[in-house]
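Residue-level listing of the chains:
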Amino acid sequence: MAAISREEVAHLAHLARLAVTDEELDRFAGQLDVILQAVARVGEVAADDIPPTSHTVPLTNVLRDDVVTPGADRAEVLAAAPDVAEDRFRVPRILDEEV
Amino acid sequence: MSDLTRTTATELARRIADREVSAVEVAQAHLDRIAAVDERVHAFLHVDAEGALAAARAADEAIARGESPGPLAGVPVAVKDVVTTKGIPTTAGSRILEGWVPPYDGTIVARMREAGLVMLGKTNMDEFAMGSSTEYSGYGPSFNPWDLTRIPGGSGGGSAAAIAAYEAPLAIGTDTGGSIRQPGAVTGTVGAKPTYGGTSRYGLVAFSSSLDTPGPCGRTVEDAAMLHAVIAGHDPRDSTSIPAPVPPVVEAARQGATGDLTGVRLGLVKEFSGEGAEPGVVAAFREGLDALVKLGAEVVEVSCPHFAYALPAYYLIAPSECSSNLARFDGVRYGLRVSDDGTRSLEEVMSLTREAGFGPEVKRRIILGTYALSSGYYDAYYGQAQKVRTLVTRDFTSAFEKADVLVSPTTPLVAFPFGSRTTDPYQMYLADLFTIPVNLYGGPAISVPCGLSEGLPVGFQVMAPVMADDRMYRVGAALESAIGTFTPPEL
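Taken in order, these protein sequences are the chains called C and B. Everything in the first sequence is counted per this note's numbering, starting at 1 for the first residue and increasing by one. Everything in the second sequence is counted per this note's numbering, starting at 100 for the first residue and increasing by one.
Keep in mind the hints are simulated off the structure, nothing from the lab. Do not rely on the hints blindly, as some may be mistaken.
[What the hints assert, rightly or not] Stretch by stretch, here's where chain B covers chain C in the computed footprint (C-beta under 8 Å, at least three residues): (1) 4-16; (2) 33-40; (3) 64-71; (4) 82-91.
[As the list claims (entries may be wrong)] Selected chain B positions facing chain C (Cβ under 8 Å, derived; list incomplete): (5) 422; (6) 432; (7) 439; (8) 486.
[As the list claims (entries may be wrong)] Between beta-carbon pairs, the in silico distance windows are: (9) B/375 to C/30: 41 to 47 Å; (10) C/30 to B/185: 39 to 45 Å; (11) B/393 to C/25: 37 to 43 Å; (12) B/475 to C/89: 31 to 37 Å.
We treat Cβ as the ideally placed atom computed from N, Cα and C, and that holds for glycine.
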């Protein structure tokens, strides 16, 4: 049985905001199925009593002195934006109705 | 070809400091070499000749004033295009970042600038560092200087190819599952992944944040150690940066080069001593091991039963983290935006932009990661993978009770021909079989050339305990002193 269906891949692509084509869906479904069957081996080991590791460095909260340091320059940051209006990032339409 | 491009970074630094040669002459020699061969090698995505010459002039002037910016002052370096460089385009090998000029330097770049190194430009890579061949670069592959019909490894194939083709004496790479070491192995160069947290990730375009580690590439072990010493050390801007002194890597490389390994215990990983690797790779690795034994090292066999599960665990953890990290490419603040014609919604524009800007491997991994993190599958995939990470770490901890370092071939395959592993993505992943376990554990590892198989370079991997980076440099330099370095045919 396939580990993942074409419909599931389409749903995941939507969740990840990828407007994949039909051709990609066909190809990715097969490839992801091969990959998932291979990586599912992680289920063969690692019993309930094994704690998970998210990070190799023990993370503790780090506090620093509250000192003002220079931030990024607004003009430099906006120069890299795809669209700018009134010194701000201009975003695509966010409401349904026409403006 | 000028002698300057064939000279080690350490020797260049000495000659520049002694004013036998100027940093400008050295930079120009490498820029000339790039102009002569990079059309065929395609190691670089962007060459900054003007910036390089200005930095070289500044280094010369500082030295003329009697100042010393650092032990590598005036030496050229190439930087993988995944590290931000203020004023110089940074794409991470992706079309979605085409033309992006970062407003800031990554910490390791800032440290190299302060130390007087001369940045030649940005090197090619698999898109967002996902791949083992540079075939997934959005800008076309790089070519292996040993054989232009073969891959230079990946993801940092551009950095490795630049060094092997004498376009730069040093380069920066990043290693998430082998992206410094595997390109080093297949191009006959040295690539070192420091301890995770030993080098700052600030300014790295993030792929898998719990694994990404920047590190040095060079043609000799000492050169790599010299660059390591410049870029390493605690950075308050990276919350996972380790607040501890940098291990004595340069001293260790020099000690190793004396060729004495008396009393050093090499752990031969039973599970990685042959199975899954090409016979020529195993043979060259064995020759390297014999050479180290002749220098006084002792071989102890260690068993790491969970290493076999490292590759599956990695290909769940890395895509999961990538699916989260790459959500930032939304077409709003930087990079590409397509189809914003006023009729489409933010979500449509975002989806179409990501579809247009990402290549196939990146899309596959985003979808895979989204799956592994989704409710109902999380425990079986991502959760299990994190437990395997614990088991792999335990394997390392117990192996390091018996051995000072662990050794294996770096990658099971010599440089393979273009197109031979792109149809079945899992076949590409197998190139990372031996490099991945140490990433999950967080320790350092180096690849050093140990011989040729069918005329192509083979890499010898030395893995060390967390924050014992000096050990891998000592053993690596000893191997180099016994076996020598490898020179590709003339281009």
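Verification of the supplied hints:
1. Interface restraint, the segment 4-16 of chain C with chain B: holds (8 residues with C-beta to C-beta distance below 8 Å; minimum three).
2. A stretch counts as covered by a chain when three or more of its residues have a beta carbon under 8 Å from one of that chain; for the segment 33-40 of chain C and chain B the count is 6, and the coverage holds.
3. Residue count for the segment 64-71 of chain C with a Cβ under 8 Å from a Cβ of chain B: 1. That is fewer than the three needed, and the coverage hint is violated.
4. Counting residues of the segment 82-91 of chain C whose CB lies closer than 8 Å to any CB of chain B gives 4, which reaches the minimum of 3, so the coverage claim holds.
5. Evaluation of the residue 422 of chain B hint against chain C yields a held restraint, the C-beta minimum of about 6 Å falling below 8 Å.
6. With 8 Å as the threshold, the beta carbon of residue 432 of chain B comes within range of chain C, its nearest partner Cβ sitting at about 6 Å, so the hint holds.
7. Interface restraint check for residue 439 of chain B: the shortest CB-CB distance to chain C comes to about 5 Å, inside 8 Å, so the restraint holds.
8. The closest approach between the C-beta of residue 486 of chain B and any C-beta of chain C is roughly 3 Å, which is under the 8 Å cut-off, so the hint is satisfied.
9. The hinted window of 41 to 47 Å between residue 375 of chain B and residue 30 of chain C is violated, with their beta carbons roughly 24 Å apart.
10. At roughly 43 Å, the beta carbons of residue 30 of chain C and residue 185 of chain B sit within the given window of 39 to 45 Å.
11. Remark: the range hint 37 to 43 Å for residue 393 of chain B to residue 25 of chain C is contradicted by a beta-carbon distance near 57 Å.
12. At about 35 Å, the beta-carbon gap between residue 475 of chain B and residue 89 of chain C stays in the expected band of 31 to 37 Å.
When each numbered hint is compared with the structure, violations occur for hints 3, 9 and 11.
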